[in-house]
Amino acid sequence: MTREEELRLVRAVQRGSTEAFEQLYTENERRVYALALRMCGNEQDAMDAAQEAFLKAYRAIGSFRGESAFSTWLYRLTANAATDLLRKRRTGRIVSLEELQEREEGFDPPAAAPTPEEEAEEQETRRELNEALQQLNEDSRRILLLREIGGLSYEELSRELQLEVGTVKSRLNRARARLCTLMKRDGNKRRDSASKDGERR
Amino acid sequence: MKCDEYRALLSAAMDTPPTPEEQQRLRAHLQECEECRAYAEALAELREELQTLSEPPAALHRQVMEGVKREAAAKKLRRLRSWGSLAACLLVILGAGLIRSQSRAEKAAAPMLAYSAAAEEAHAGAFDEAAEEAASDSAFSAPNGLMMLAPAGAPPERDAPMESEPEAVAGVGNSFLPDPETAARSYLSQLRGRDYGDCSLETAETPPPYTPVAEEYEPVGSCTLVVFDKLTVLVDANGVVFGLIE
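As you go down the protein sequences, you meet chains A and B in turn. Note that the working numbering has the first sequence beginning at 1, numbered continuously upward. Note that the working numbering has the second sequence beginning at 1, numbered continuously upward.
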């Protein structure tokens with residue numbers, strides 16, 4: 001979708017079209033969800049964060065002036081929603097039984113991979129990556145994911161995160177190096193899959 | 001250059017194309033440094049894994065769009081509400097205007113209340129949700145600062161035409177009119193947001209010099225001075241706060 005098409009849809013939403021918003025949703029759902037998933041490290045929180053980001057975008061679309069791409073803005077909202085959620089989790093929010101049940105009902109399992117072996121291997125990689133991401137500090141995780149999944153340029157990252165371009169560059173470098181270390185791929189031969197214990201921090 | 005610097009260069013090269021010179025230096029280093037070669041591979045692998053997007057659950061689409069439709073309906077209602085409030089305010093202003101001309105003609109108190117009750121009814125009838133708020137506090141604040149009170153607890157007399165028995169509504173004791181103290185307190189709590197404590201009441205045929213609370217409003221009938229410790233509120237025969245003495 002070009003910037004012009006995107007902006008045209010945004011204008012339509014601002015005039016009250018929910019159909020136009022649905023198009024923006026469809027266009028962005030995969031990246032938003034992936035970003036949320038990588039930020040949160042689990043599907044349920046990712047669902048909540050992605051949903052929150054889309055609804056926030058809808059509520060605030062009246063104030064969207066098109067200075068950045070809609071998707072860029074949306075990714076920032078997603079990262080913020082995920083951060084908020086993680087913060088709440090950390091401060092020990094109590095989740096009600098109904099909420100848990102609701103989540104389970106609302107959750108569809110992801111599509112199955114072609115073969116069980118491939119699936120197992122993919123799952124292992126995903127788990128390993130998610131675990132490593134959760135061990136990164138929040139700033140590193142955010143900047144790396146906005147770059148890799150959101151595809152934001154240095155300039156966009158600089159604007160969105162209010163950092164100098166030089167800082168963006170060095171933080172990305174640090175985040176990548178740290179992630180490689182965490183995944184034991186920092187230049188040494190990749191070891192066989194990480195230990196099975198320690199599901200999440 | 002040390003390995004760390006080459007690695008920083010490798011990272012940057014993933015985001016923006018390196019200059020030919022940088023590219024050449026990188027290539028030369030990678031040829032001789034196995035560790036950095038492995039690192040370059042790891043970076044590429046990592047990117048591929050990070051960018052492998054898993055399909056979002058179908059429930060996400062449904063939940064987001066349900067939420068959006070709820071929000072859209074709420075937005076519409078808010079818009080209607082603001083139009084509804086505007087319409088109610090206009091009715092009250094119109095009412096005030098009519099009453100003033102009538103009071104000039106008759107030199108008698110007019111039942112302004114009929115108008116504010118009518119306004120409330122219009123408001124409530126047209127917009128159910130807005131009515132909840134409007135009904136909970138039966139005061140309408142007109143944009144020019146006038147405060148008019150519908151009687152708390154008393155149902156609006158729907159079919160009583162305003163012309164009927166003007167003299168009957170002139171008295172302060174009429175159950176359809178707010179008593180001056182209620183009017184004054186409601187005015188103060190809504191516009192000043194505080195409680196002024198105890199008060200005493202005095203009646204005056206002609207009010208002492210006061211500061212009007214709204215332009216172009218002439219008090220109707222005899223006036224009641226609601227005297228608080230810090231200030232005095234002037235209320236007319238229709239329960240309209242029209243002036244302050246501070």
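No lab work stands behind these hints, which were simulated from the structure alone. Among the hints, erroneous ones may be present.
Stated by the list, open to error - As a list, the in silico DSSO-like pairs of lysine-lysine whose alpha-carbon atoms are at most 30 angstroms apart: (1) 88(A) x 56(A); (2) 230(B) x 56(A); (3) 2(B) x 184(A); (4) 75(B) x 169(A); (5) 69(B) x 56(A); (6) 69(B) x 88(A); (7) 169(A) x 184(A); (8) 75(B) x 88(A).
To be verified - Quick look at which bits of chain B chain A covers, simulated, 3 or more residues with Cβ under 8 angstroms: (9) 3–13; (10) 184–190; (11) 221–227.
By construction, the Cβ of each residue, glycine as well, lies at the ideal position given by its N, Cα and C atoms.
Fill in: Pairwise hint evaluation, residue 184(A) against residue 169(A), where the allowed Cα distance is 30 angstroms at most
The hint holds at about 23 angstroms.
Worksheet entry | residue 69(B) paired with residue 88(A) [C-alpha distance capped at 30 angstroms] | holds (27 angstroms)
Practice prompt. Starting from residue 230(B), check that the Cα of residue 56(A) is at most 30 angstroms away, please.
Written response: Cα-Cα ~47 angstroms, so violated.
Worksheet item: Would the pair residue 75(B) and residue 169(A) pass a check requiring their Cα atoms to be no farther apart than 30 angstroms?
Response: violated (42 angstroms)
Worksheet entry | Pair hint residue 75(B) and residue 88(A), alpha-carbon separation not exceeding 30 angstroms | Holds, because 29 angstroms separates the two Cα atoms, which is no more than 30 angstroms.
Fill in: Pairwise hint evaluation, residue 184(A) against residue 2(B), where the allowed Cα distance is 30 angstroms at most
Roughly 21 angstroms between the alpha carbons, so the hint for residue 2(B) and residue 184(A) holds.
Discussion item. Check whether the Cα positions of residue 69(B) and residue 56(A) lie no farther apart than 30 angstroms.
Written reply: holds (13 angstroms)
Worksheet entry | Per-stretch coverage check for the stretch 184–190 of chain B, three Cβ contacts closer than 8 angstroms to chain A | As far as the stretch 184–190 of chain B goes, the hint is violated, because 0 residues have Cβ atoms under 8 angstroms from chain A.
Discussion item. Taking beta carbons only, do three or more residues of the stretch 221–227 of chain B come closer than 8 angstroms to chain A?
Written reply: Violated, because only 0 residues of the stretch 221–227 of chain B bring their Cβ atoms closer than 8 angstroms to Cβ atoms of chain A.
Worksheet entry | Within 8 angstroms of chain A (C-beta), three or more residues of the stretch 3–13 of chain B | holds (count 4)
Worksheet entry | Holds or violated: residue 88(A) to residue 56(A), with C-alpha atoms at most 30 angstroms apart | Roughly 18 angstroms between the alpha carbons, so the hint for residue 88(A) and residue 56(A) holds.
Violated hints for the displayed structure, listed by number in ascending order: 2, 4, 10, 11.
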